[in-house]
Structure formats: structure tokens, C-alpha cells
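Given chain A, put chain B in place with the hints provided.
Protein chains: 2
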Amino acid sequence: MEIPKNHPRYGSLKKREALLNFYDKGVVTVSGLISHGRGEAFDYLMGERSQAFSLNAEKAALEKLLKSERAVISVNGNVAALAGEEIVKLARRYGILVEANIFYWSRERIEKIVSYFRDLGMEILGLNQDANIPGLESNRGRCESRGIFSADTVVIPLEDGDRAEALKKMGKFIITIDLNPLSRTSRFGDITIVDDVERAFKNLNNLREPEYAGTLNAYENGKNTEMAIRFIGERMSSITNWPDL
Amino acid sequence: MEIPKNHPRYGSLKKREALLNFYDKGVVTVSGLISHGRGEAFDYLMGERSQAFSLNAEKAALEKLLKSERAVISVNGNVAALAGEEIVKLARRYGILVEANIFYWSRERIEKIVSYFRDLGMEILGLNQDANIPGLESNRGRCESRGIFSADTVVIPLEDGDRAEALKKMGKFIITIDLNPLSRTSRFGDITIVDDVERAFKNLNNLREPEYAGTLNAYENGKNTEMAIRFIGERMSSITNWPDL
Chain A
1 MEIPKNHPRY
11 GSLKKREALL
21 NFYDKGVVTV
31 SGLISHGRGE
41 AFDYLMGERS
51 QAFSLNAEKA
61 ALEKLLKSER
71 AVISVNGNVA
81 ALAGEEIVKL
91 ARRYGILVEA
101 NIFYWSRERI
111 EKIVSYFRDL
121 GMEILGLNQD
131 ANIPGLESNR
141 GRCESRGIFS
151 ADTVVIPLED
161 GDRAEALKKM
171 GKFIITIDLN
181 PLSRTSRFGD
191 ITIVDDVERA
201 FKNLNNLREP
211 EYAGTLNAYE
221 NGKNTEMAIR
231 FIGERMSSIT
241 NWPDL
Chain B
1 MEIPKNHPRY
11 GSLKKREALL
21 NFYDKGVVTV
31 SGLISHGRGE
41 AFDYLMGERS
51 QAFSLNAEKA
61 ALEKLLKSER
71 AVISVNGNVA
81 ALAGEEIVKL
91 ARRYGILVEA
101 NIFYWSRERI
111 EKIVSYFRDL
121 GMEILGLNQD
131 ANIPGLESNR
141 GRCESRGIFS
151 ADTVVIPLED
161 GDRAEALKKM
171 GKFIITIDLN
181 PLSRTSRFGD
191 ITIVDDVERA
201 FKNLNNLREP
211 EYAGTLNAYE
221 NGKNTEMAIR
231 FIGERMSSIT
241 NWPDL
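Residue numbers (the working numbering), protein chains in the order written: chain A, 1 to 245; chain B, 1 to 245.
Don't read these hints as lab results, they were simulated from the structure. Warning: the hint list may mix true and false statements.
Note that the list lumps identical chains together, so a pair holds whenever it fits in one copy or between two copies.
Unchecked claim - Pairs of lysine to any residue residues, derived as SDA-like cross-links and limited to a Cα-Cα distance of at most 25 Å, are as follows:
1. Lys5 / Ala166
2. Lys89 / Ala213
3. Lys202 / Arg142
4. Lys89 / Glu226
5. Lys5 / Phe103
6. Lys15 / Tyr104
7. Lys5 / Lys169
8. Lys15 / Asn128
The following block holds chain A by itself, in its conformation from the complex:
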């Protein structure tokens, strides 16, 4: 499986290797690998970097997180693999809760995610799922009453659309992180961050108060998401020298 250094997509393939590592550890599922591929395609389309619409949403998201009474970041296998360290940094700095929450439920995999975060120096929720998100089949709806269930704001990176919808129906403020601005998850966001999950959390960590304070009030999620859609559509027609997918 060695990647030749002269391969035009060496960088992206190395990043993918990191994900495969977590797959070997049993944290990422085979479905998670396919999802990652979908993300890769959209990331190419947006130039593999955070764009203005990403940063607009990230600034508003940070201000909202700091104004929330009980914000929770939901992490699944891919999110842990791609952005675990950045999430720990953000969560510890601002005292935000983190909860392991996976689509294909398995006690073992939740334990692995929790213990990965413990290795990174942070205790997260997810082992004591004593509540259910209404409207979802039982395995899909499991969560902790002191975590996602009672949160006022939830950050749901790389989330399933049904779950995003169910959380929205519970009245929560939804912050999504998804490279596809048209996914159902993105469309259920009150703040829809269209960005790579690692870059998004890195940006949240790098923002200083003068940059984000006061942005939430002026932020218009519909307009911002439309910018993302237009950007990707236009880039599609203008890319002339695209790295191999």
C-alpha cells in the first residue's frame, strides 16, 4: 500500500492513510471510508481550503457556542479520526461538552472513541446512553441525558440527515459541519459550516474575540449557504488543472 512520492495526489493520499489507521483501530467503519470519499470530492470542488463562506459560518458558530448554556459537540468515528485533537483543544479551552455518537451503533466502537479522547487528555460522554432522541429508531436515537439530550446547542459534524432533522425537531440550535452544502444535514443547520472538519475546528481554535464577537447577529445562514453552493457550481466549470480523483 505504499504511495509513490511522485503521485500527483500524494498529500491527499497521506491524509487518507491517517483515516485508514483509525479504520484499522476499529474507530472508523467501512461506511465511514465511503463517506470520506464523498467529502474528498466536495473538498476538491471547493479548492481544498476554507473559503469566505466557511469562515463566516465558523465565526458565528463560535460566538453562538460561547453564548450557549449547554453546548455539546457530537463525535463519530470519522470526526474523531480527522479532528480529534482540534476538538479537544476547543472543548477544553471553552468548556464545551463532547459526546461520542455513532450512526452504526456498537458499544465497542463508542468505547474506542471515548478512550481515544481520554488518550488525548479529555473525558467525553457517550458511555451512559440513558436517553433517546424522539422520532429515531432506538439504536439511532441513543444519547446521554446530560449531553446531547439536554443540550441547547449541538455541533454535528459529518452527521446523518435523519439525526440532524430529529435534533432540529427537539428545538436545538444546530451547527453542522459538512463539505456538501446541499446535504440534508447541511439544510437542517441553523449555522451550516461548509468546510473540512479538521480545518473547521482549526479555524474555531484560531479565531480571536475581535474576529468573531458581534458576527452572530448579522449572520444569515441561507445567504451564506447559497454562496457556498454558487461557489462550488462555478468552480466546477472553471477548474482546468485538477488533481486526479
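For chain B alone, coordinates are given in the frame of chain A:
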């Protein structure tokens, strides 16, 4: 891993399950799963069906295949998993050679692909790799002298860009099948089929002589690929009710 029947992407998830089956059999790699995800994203963007630009290219491709002296269809793990049966149907009907050719080389996996095609009723090449495509590192360039190496026309579905380029440099006529019209592979195609690999071979099987005869001469690959790029770019901005990615 049971998929709830009411999940909005039930159909696509079931198709993915088929790929995961071949992953379990050791035919598809973890990288192949990620690639499939990228394909899924582009397939959504093109509406999950063959478009006019797909069929234009497929008609010309079939005419070209039938006019070639030695056409070879190259199959890797994903291609076998997604379109094995359709390929056997086409290859047997028109006497086209098929050769197993994989990016992450492994004798065992080539054997599995060959034996899968044997189960489908067809002997394919790939076990006696006695030649090398010039310009590639050795494991990437392996092929059979009586197959891909001496072919005048090669069909390379879901192929790596470096290999597509190297085959092109050998002077072969290249027919690509790739959902991304901007990939390096697509750009090395003499005929660039922008379509799902199963649908593409199904269409090739369904075409009757009056539909394809005489299309090759009038076919302009640059213009046709541009149509595909424009279509996807425009669809991106116009999709309003998109199934969840």
C-alpha cells in the same frame, strides 16, 4: 449494519452494501471504498442516471471497440464488484479481452478477480503479467503482453491518472469510464465516458447497431466532456431537494 427502510438513501445504501460484500471477499480495498464515495458524490451531481453526454460517448465507444483489432477491458476490484456481470456479457458477445489490473498490486487479489470472472463464466487475463507499461513504477505497470500491453484500444474504468497517462503515451486509444469529468483519467481519454460504471456497461450491452453505427466519426470528445462539466456545474446550483449525502 442494518439500514432502516425509511432512510431517505436506502437505495444507494443497498448498492453500497454490494460493494462492501466484495470488500469482505478481499476483492475491493479500503482505498476502493473511498473512491466509491467520490463516485457517489459525482453521481448525485449528475442525477444518478446516464445523461446525453454519457450516451454519446458510449455509442462512439462501442463502435470503436468493434473496429479495434485488439481491444482490452481493464478491471480492478471496484469495477469487478460494480459491473462484473455486464462486462462478461459485453466481452463474450463481441469477443473483447478482459484483463485484471489493480492499483495496489497483490497476487492474491488478482487471483480473486480472475476467479470471480471464472464464476461468471469467463476466463480473463491478469495472472501472467510478463510485461510493463513504460514510465510507471514496476508494481503499477505490470500487465500481460498478450493483453493490455499489445492492445490497440483499452477501456479503463475507474483508472488511476498516472496509468491512464502512461497508456496514452504508449499510443493506445483510451476509453475511460469515470463519474468525474475533470479527473486526470477523464482528461486522458480519447473517448471519455462520464457515467457510473455499471450503467455504462449496461448501456453498451443495450445498444443496437443502428444506434451506434456511424457515431464515431462525428463524435467530438472535447465538446462532449465540456457538456458533462457544464451539466454538473449547473445542476449543482439548481438542486433543491437532494437526498442526503
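Here is how each hint holds up against the structure:
1. In this assembly of identical chains, Lys5 and Ala166 lie within 25 Å of each other by CA distance solely across copies; the values are 17 Å between and 45 Å within a copy.
2. Taking CA atoms no more than 25 Å apart as the test, Lys89 paired with Ala213 passes inside one copy only; the shortest distance there is 20 Å, against 63 Å between copies.
3. In this assembly of identical chains, Lys202 and Arg142 lie within 25 Å of each other by CA distance neither inside one copy nor across copies; the values are 28 Å within and 42 Å between.
4. For a Cα distance limit of 25 Å, the shortest separation of Lys89 from Glu226 qualifies neither inside one copy, at 30 Å, nor across copies, at 45 Å.
5. In this assembly of identical chains, the alpha carbons of Lys5 and Phe103 lie at most 25 Å apart only when taken from different copies (15 Å versus 35 Å within one copy).
6. When the C-alpha separation of Lys15 and Tyr104 is checked against a cutoff of 25 Å, the pair qualifies both within a copy, at 23 Å, and between copies, at 17 Å.
7. In this assembly of identical chains, Lys5 and Lys169 lie within 25 Å of each other by CA distance solely across copies; the values are 21 Å between and 48 Å within a copy.
8. Taking the shortest alpha-carbon separations for Lys15 and Asn128, neither the intra-copy value of 32 Å nor the inter-copy value of 34 Å comes in at or below 25 Å.
Consistency note: the structure conflicts with the earlier hints numbered 3, 4, 8.
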